[in-house]
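Heads up: the sequence lines are chains A and B, in that order.
Using the numbering used here, the first residue of the first sequence is number 1, and each one after it goes up by one.
Using the numbering used here, the first residue of the second sequence is number 1, and each one after it goes up by one.
Calculated directly from the structure, the hints in this document are not laboratory data.
There could be a bad hint or two in this list.
Claimed, not checked - Straight line, CA to CA, 27 Å or less: simulated DSS-like cross-link-like pairs of lysine-lysine:
#: 1; chain 1: B; residue 1: K70; chain 2: A; residue 2: K257
#: 2; chain 1: B; residue 1: K174; chain 2: B; residue 2: K216
#: 3; chain 1: B; residue 1: K89; chain 2: A; residue 2: K3
Said to hold, decoys possible - If you want the footprint, here are the derived chain B segments under chain A, 3+ residues with CB under 8 Å:
#: 4; stretch: 47-61
#: 5; stretch: 65-72
#: 6; stretch: 77-86
#: 7; stretch: 92-105
Here a beta-carbon is modelled for each residue, glycine too, at the ideal position from N, C-alpha and C.
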Amino acid sequence: MIKILKYSFFDLMRSRWSYVYFAFYLLLGFVLLFLNTDVSKAVITLMNVVIILVPLMGTLFGVMYYYNSKEFIELLLAQPIKRTSIFIGQYLGVATSLTFSLIVGLGIPFLVYGIFKSDAILDFSLLLVTGGFLTFIFTAISFYIGLSNENKIKGFGYAIVFWLFMAVIYDGLFLISLIVFEAYPLDTFSLFASLANPIDLSRILILLKLDISALMGYTGAIFQKFFGTQWGVVIAMGVLLLWVIVPVFLIRRKALKKDF
Amino acid sequence: MITIENIHKSFGKIRVLKGIDLDIPKGSAVAILGPNGSGKTTLMKSLLGMVVPDQGRILLNNTTIDRGWKYRNGIDYLPQIANFPNNLKVSELLKMIKDIRGAKTDKETYYIDLFSLHPFLNKKLGTLSGGTKQKVNLVLAFMFDSPILILDEPTSGLDPISLLVLKDIILGEKKKGKTLLISSHIMNFVEKVCDTILFIWEGTIYFNGSITDLKKNTKKDDFEHAIAHLLKSAHD
Ligand SMILES: Nc1ncnc2c1ncn2[C@@H]1O[C@H](COP(=O)(O)OP(=O)(O)O)[C@@H](O)[C@H]1O
Ligand SMILES: [Mg+2]
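So here's chain A without its partners, still in its complex pose (with noise of 0.2 Å):
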């Protein structure tokens, strides 16, 4: 599996997709940092362009590198490895490298800004391992749904439409449904909402690790409520690594079951 990890990764590295995604975030820490003089403001800047933007791209490098790599697949599952090895080694690879360009984007402007000297150095590592984690949650999601579909079109359009889902249009169900049944309590609801979208659950560990209540919303007021800022921290953390377990097990199934 180490060995398709590897060629996978440097074959993402090499491609062009890479060096613009890699240079967009070090545009943006730049341009963040010298509009923003404040370290702590420009953590949070970014975290909104970070929580919409790293879900989307982990969605369409997911699906789109599953469609390329086909060809390479059919030709490793005749040679003596393990099946789950091939299609787990593949996903860590696309999903390692988008987490590297990220970090590495993001990370050396702000190494320049003198990110060790400040406070903010605590909050933006959890921007980064958050958007690790989103990286890794969205690839695996849209890795399965390019598994499971061999219409390319479908596959794309599927995979788009679910983080369009988990985006945009979940935020808004929910608001709707907060006004719908304003008569009811709706603590727990909110709070099941919340744990049920990795971008939502992002959002509020950010901020509850910000401190910062009037940015925090209504869910996030009741997640600290509920469990504290500490093991608020703590739960969301093994939310979102559950997040990523699953969709990681259910390529394993299809894979197994999958014909070439």
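Dock chain B with the ligands against the given chain A, drawing on the hints supplied.
Below, chain B with the ligands without anything else, positioned relative to chain A:
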């Protein structure tokens, strides 16, 4: 050495294999024949575990292959369609598969010479012609020197000279005592390299026997006519 017991396989509503039973002794050269879409590729892929049969089992040296993977160390496979990652160079591909297999072989240079592939080693696979891709496919299939060879339409896209080269290679491998499974639509080629004929029709084995038996059964002296006769009688 290879035993296939009651293999069934459907893709959605199409029932491709409907109970295949087969014994392939070590050292035999078996031709898998049958019309397009009769399931030759599906049967070969089942042996490699690329297709998972709905029913039945496959044994290799008396052990079921059941979702294992180590057994593939003993099989060299030539896929029907030479699909390669387009952005890799030929030399990179060969190196990569060697590395992934953990094999220390330098046999590839021998086959690169035979098929005159030197000028293409630094070309990207995506830019090669179909015939050249097929030669790369053949190098990959032969270079690991495994005891079982499964070749799915090895002749497709080859020029007459390469076809002769291929025939000599296969005859050489047969002499080494390897077990061969070959599908092809070129009857003249089949007659020269195989000794057992397996004819698949509507998902079952319609004929299984030696070329001599086939000629005797169909009362035809010519192999091509014998096969044509077999096809016709299957249709009736
Ligand atoms: N992965 C697959 N998914 C769906 N149908 C398939 C798949 N592989 C093969 N088939 C179908 O199974 C039938 C037999 O195919 P194949 O084994 O390739 O035949 P042959 O090699 O004898 O020409 C064909 O109808 C083909 O369309
Ligand atoms: Mg075929």
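Point to revise | Per-stretch coverage check for the stretch 65-72 of chain B, three Cβ contacts closer than 8 Å to chain A | key: holds (count 5)
Review point. With a cut-off of 8 Å between beta carbons, are at least three residues of the stretch 92-105 of chain B near chain A?
Key: holds (count 5)
Check your understanding: Can the stretch 77-86 of chain B be counted as covered by chain A under the rule of three residues or more with Cβ-Cβ separation shorter than 8 Å?
Key -> The restraint on the stretch 77-86 of chain B holds, since 6 of its residues have a Cβ under 8 Å from chain A and three suffice.
Review point. Is it true that the CA of K70(B) sits at most 27 Å from the CA of K257(A)?
Key: The given pair, whose Cα atoms are some 18 Å apart, holds under the 27 Å limit.
Check your understanding: Is the hinted pair K174(B) and K216(B) satisfied, with a Cα-Cα distance of at most 27 Å?
Key -> Satisfied, since the Cα-Cα distance of roughly 25 Å is no more than 27 Å.
Review point. Per the coverage rule (Cβ-Cβ under 8 Å, at least three residues), is the stretch 47-61 of chain B covered by chain A?
Key: holds (count 5)
Check your understanding: Would the pair K89(B) and K3(A) pass a check requiring their Cα atoms to be no farther apart than 27 Å?
Key -> 18 Å, holds
In summary, the structure agrees with every hint in the numbered list given earlier.
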